[in-house]
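Please model the entire structure based on the sequences and the hints provided.
So the protein lines, in turn, are chains A and B. Oh and the first sequence: position 40 is 90 in our numbering, straight run, nothing missing. Oh and the second sequence: position 363 is 1306 in our numbering, straight run, nothing missing.
Calculated directly from the structure, the hints in this document are not laboratory data. Every residue gets a Cβ at the ideal spot worked out from N, C-alpha and C, and that includes glycine. Take every hint as true, because none was put in to throw you off.
List time: in silico DSSO-like cross-link candidates among lysine-lysine, alpha-carbon distance up to 30 Å:
#, chain 1, residue 1, chain 2, residue 2
1, A, 100, B, 1058
2, B, 1337, A, 100
3, B, 1226, B, 1175
4, B, 1078, B, 1485
5, B, 1237, B, 1065
6, B, 1381, A, 100
7, A, 100, B, 1353
8, B, 1301, B, 1436
9, B, 1200, B, 1058
10, B, 1078, B, 1456
Simulated DEER-style distance windows between Cβ atoms:
#, chain 1, residue 1, chain 2, residue 2, range
11, B, 1314, A, 93, 34 to 42 Å
12, A, 94, B, 1443, 54 to 62 Å
13, A, 83, B, 1305, 54 to 62 Å
14, A, 98, B, 965, 45 to 53 Å
15, B, 1336, A, 92, 18 to 26 Å
16, A, 52, B, 1407, 57 to 65 Å
17, A, 83, B, 1314, 42 to 50 Å
18, A, 99, B, 1433, 48 to 56 Å
Pulled a few chain B residues facing chain A out of the computed Cβ check, cut under 7 Å:
#, residue
19, 1344
20, 1347
21, 1357
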Amino acid sequence: MSKLITENHFSDADAFYAALTDVHRELSTADSERLNARLILLLANHIGDKQVLLEALDIAAQLEQ
Amino acid sequence: MVSPCTIRADCPQTVAEKMQKTYSNPIYPYRKSADQEAQQPVHHPVIIIGAGPCGMAAALDLAKQGQASIILDDNNTVSVGSRAICFSKRTLEIMDRYGCAQPMVEKGVTWQKGKVFFKQEKVYEFDLLPESGHKLPAFINLQQYYFEEYMVNQIAKEPLIDLRWMHKLVELDSSSEDNQLKVETEEGVYALSCDYLLVADGANSKIRTELGLESKGQVFQDRFLIADVVMKADFPTERWFWFDPEFHPNQSVLLHKQADDVWRIDFQLGWDADPEEEKQEAKIRPRIEAMLGKDVEFELEWASVYTFQCRKMDDFIHNRVIFMGDAAHQVSPFGARGANGGVQSVENLSWKLARVLKGQAPATLIESYNEERQHGAAENILNSTRATDFITPKNDISRVFRDETLRLAKHYPFARSLVNSGRLSMPCDYQHSSLITKSSALNTGFDAGIAPGFVCLDAPIRINGKDSWLLEQLGNRFVLLYNGEGIDNDELKALAAISDDLVLLDSRELEDKEGMLAERYCISGGQGYLIRPDQYVAAKFKQLNREQVNNALQRALGYQSAQENP
Ligand SMILES: Cc1cc2nc3c(=O)[nH]c(=O)nc-3n(C[C@H](O)[C@H](O)[C@H](O)COP(=O)(O)OP(=O)(O)OC[C@H]3O[C@@H](n4cnc5c(N)ncnc54)[C@H](O)[C@@H]3O)c2cc1C
Chain A
51 MSKLITENHF SDADAFYAAL TDVHRELSTA DSERLNARLI LLLANHIGDK QVLLEALDIA
111 AQLEQ
Chain B
944 MVSPCTIRAD CPQTVAEKMQ KTYSNPIYPY RKSADQEAQQ PVHHPVIIIG AGPCGMAAAL
1004 DLAKQGQASI ILDDNNTVSV GSRAICFSKR TLEIMDRYGC AQPMVEKGVT WQKGKVFFKQ
1064 EKVYEFDLLP ESGHKLPAFI NLQQYYFEEY MVNQIAKEPL IDLRWMHKLV ELDSSSEDNQ
1124 LKVETEEGVY ALSCDYLLVA DGANSKIRTE LGLESKGQVF QDRFLIADVV MKADFPTERW
1184 FWFDPEFHPN QSVLLHKQAD DVWRIDFQLG WDADPEEEKQ EAKIRPRIEA MLGKDVEFEL
1244 EWASVYTFQC RKMDDFIHNR VIFMGDAAHQ VSPFGARGAN GGVQSVENLS WKLARVLKGQ
1304 APATLIESYN EERQHGAAEN ILNSTRATDF ITPKNDISRV FRDETLRLAK HYPFARSLVN
1364 SGRLSMPCDY QHSSLITKSS ALNTGFDAGI APGFVCLDAP IRINGKDSWL LEQLGNRFVL
1424 LYNGEGIDND ELKALAAISD DLVLLDSREL EDKEGMLAER YCISGGQGYL IRPDQYVAAK
1484 FKQLNREQVN NALQRALGYQ SAQENP
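Written out as structure tokens, the structure is:
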């Protein structure tokens, strides 16, 4: 059974999206890549649950979708 | 058929320069065996090829089970140069069962602390606080040549082992019931035959190749300089691991202490490094000076350049030829699973083989060695591969993740769990093995304590008025460790009569000095554990009865009828 939440779960979706793009605005592609890596690691630990993480990886990897 | 053997090499690029001062390899002389005079090839039940850690462990284990064996080795000494250093608790427990752990622990360096560095900074420190109530330490660092020398010394005390140095297997016919061997010595070639041939001739097993068998896996596109240096400097007894340090940019470096003030230093060199050039002292010295500082005095003891591989055979058994150790499964050294995993494979095989040869188990029991140790080898390869991939990121983005993990690790503890410079070797479990009676089967087991398929844990005890350890009471035969409260005498007699290979041990006869036995095993009145000769739990019983114990024993011995149990 799927455990990853794919319905809206944000308390403020617009604010998050703006913050995400803002934090990258001044960065080179290389630094953006670093920031993304840090963000993924921090969030992944917060989630912790292996099944949720693997489901998210799976959806993320479906680049053609 | 077998071409001349070079020195023991884990990979073709291995090069070594001898400059060793702290240790001189013992020379074990060639001796002529009476078998060489015989008119007909002399037949032996078990012949072992290779007196490395795995071949010697097999002979020692078989001797503990009452089975004689012969070891043939094409060399006249123990391991040469810088190879294994880190031996785990489980390996030491196995060595203790053979009778040779004590000199290893005495000579070895017991350590528990470490530091991880990234670029010029220390990222974090760790302290692997040892769990109390175990006879043996979590791990020791000891040069492989000492480890092997102590095994050779133990073998000298075992009348059931005939270790023949400078006897090289040069031809093998494994097609008939008996294996037919040709063995080369300085006095010529002689023939032998055997029921079972155990092959522990190392990573580049010639015997494997000659039989057309393969060990499959991956070679890591990287080279490592492994240097042993002697220095009296006051570095603490800790494992230091650098990622991308200023003194050796873009690569990793490991520093770890061994016996005799010898320090192991691993320099990652990258795939493009020239191994011939890198092994030159003139090239190595500046690397070490950059690392330790110009004023630290050291002497180079040994240096080799390696590439590492993780690979295994699909089936460790070929007719009556059984592969063990690096010949069967090989790992990169990060996580120290080569010899450790190898010795655990050997102990898995030995008790089974001994019982098959004595007619106490069907020949098919040996197949469970392949089943259980394929699983063990896969786990070791998985762990070693993960560590190698962390140390040598496969592409740019893996490197970004690796570096950011290290940066986060400095401030945020969670990231430290992702830092992987080698996970220390732990024994694998066999909970899904066909030999194990699951506690859920017939609802016979109990939940607390150690689950079926897992290895027994030690505990300090007193028995017959003497201090001892639980693991010293287990092994080499099946043991029923039970709590006799409430079990009547007839039932006990019936249990005791099940098999000569089963010993009953009432936990009430063991004084539980620190309460560890109760904590780790949780055996209440009427309950019990069936423990295999390799100290793994075969089954648990919440209320002992003859039939259930007998069924579990039959299943552990690989009898088909027992397989029908749910
Ligand atoms: C740099 C490095 C670091 C390592 N660190 C660790 C560590 O910290 N911990 C760990 O557990 N492992 C470690 N390992 C792995 C460990 O060294 C091996 O796993 C171990 O030596 C394998 O033992 P073996 O008995 O299978 O084979 P080997 O030790 O290779 O022994 C094979 C024997 O067979 C003999 N032989 C070969 N052919 C014939 C023949 N035809 N006839 C007769 N005899 C023959 C050879 O002379 C040799 O004695 C390390 C390895 C390396 C290279």
